[in-house]
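Here the protein sequences line up with chains A and B, keeping their order. The letter at position 67 of the first sequence is residue 66 when you use numbering that gives the first Met the number 0, and the numbering goes up by one with no holes. The letter at position 217 of the second sequence is residue 216 when you use numbering that gives the first Met the number 0, and the numbering goes up by one with no holes.
What the hints contain is simulated information worked out from the structure, not anything from laboratory work. Be aware that one or more of the hints could be misleading.
What the hints assert, rightly or not - Straight-line C-alpha distance at most 25 angstroms; calculated BS3-like pairs for lysine-lysine: (1) B:44 - B:32; (2) B:86 - A:75; (3) B:2 - A:25; (4) B:44 - B:188; (5) B:18 - B:32; (6) B:147 - A:75.
Since the structure is predicted, the reported quantities are computational estimates derived from the model, not experimental observations.
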Amino acid sequence: MNLMNVVIFTSVFIMLAAAICAVIFKDLMASLIATMMVSLIVSVLFVFLQAPDVAMTEAAVGAGLTTAIFVIAIRKTSAKGGEEER
Amino acid sequence: MRKTLYGILLLLFFWYMMKFVNYLPKSPVLQGKGVSNYYLQNDKKDTAAANVVTAIVVNYRGFDTLGEVTVLFLAMTGLLAVLMGLKTERGKLTEASLILRAGTRLIIALIFAYGIYIFVHGHLTPGGGFPGGAVIATGIFLLYASFKDYSLNRTWSVILESFSGMGFVIVGFLGLLKGKSFLYNFLPKGTMGHLLSAGVIPVIYILIAFKVASELGALVSQMMEGEKE
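Given only the sequences and the hints, what does the whole structure look like? Please build it.
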C-alpha cells in the first residue's frame, strides 16, 4: 500500500462522492460545481494512466469551458431578479 | 420499488465490467498484434513526429479528424441559430471587483501565450489543436467576466473560422494533387524533435486551433452579450 496507490484510491473515492452529490443536490449551482470536480479529478487520473493529451483536453474543456457555459445558462434561466447584482 | 430495480441493474453492470477487466491481459493488443503496435513502431519512419498521438490523429486517421471538425462546426451553427435574437442587459451589471480586474490584467497574456504554445508544439509535446483552442476560448471568457465593456470582434471570428475550415480541406486537396491520397503528407519530414518537422502536421493543427478558438469564442460572446447591432 504505497503512496501512489493511496493517492489514486483517495481521488477515486472523492470523485465518486462528488458524482453522487451532483445528482442529490437540489441547487443547480452546487450540482454544477460537483460535476466540475468530477471532471477535474478525472483529468488528474488520466495523467496517472499516462495519457497527457487526453488529460489536457479534459481539463481545458471539461473543467473550464463547459462549466463556464453552464454557469451562464443557469444564471440566464433562473429568477429574473438576480441580474442586477453581479 | 423503482430504486431497488435501478440498484440491481447497477450491480449487474458493475459485475460485467469486472469480468471484462479480467479479460484484458489476454487481449491481442497487449500481446503485440494489432494496428496500434504498427503505429508505435513505424511512426519515426513515416511522419517523424515526436508525439505519436498527434501522428495518429492528423496523419494516419486524418479523415476522422476532418469529420470531427465538421461535427464541431455543425454544433456551433445550431447553437448560434438557437441563440439568435438573444437580448441581454449587459450595461446594467455592476463592475467586477478590483481583485478580478487586476488579476486578469496580469495573467491574460500568459493564458494566451500558453494556448498558442500548446497548439504550435502539437507534434512535439502533449496537446494539439483542440486543447490549445479551448484554452484561448477560456481566456476570452475571463475577459468577458472581468471587464464590463469588453466585446469580441464578431466579424473577425467568423472570417477566421470559415477560412480555417476551408484551409484544412484545401491542404487535403493539395495532398491529393501532389501525392497519392487525400490528406497525404507532402511537406518534407525533417528530423524528429525540431519545430519545423513532421510535414503537414503542424500546419493542420494550427488551422484546427484557429477554428476551435474562434468557434468557442463566438459562442461565449453570443451567450454573454447577445446580438450586436
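Taking the hints in turn, this is what the structure says about them:
{"no.": "1", "hint": "B:44 - B:32", "result": "holds, 19 angstroms"}
{"no.": "2", "hint": "B:86 - A:75", "result": "holds, 11 angstroms"}
{"no.": "3", "hint": "B:2 - A:25", "result": "holds, 18 angstroms"}
{"no.": "4", "hint": "B:44 - B:188", "result": "holds, 9 angstroms"}
{"no.": "5", "hint": "B:18 - B:32", "result": "holds, 22 angstroms"}
{"no.": "6", "hint": "B:147 - A:75", "result": "holds, 17 angstroms"}
The structure is consistent with each of the numbered hints, conforming to all of them.
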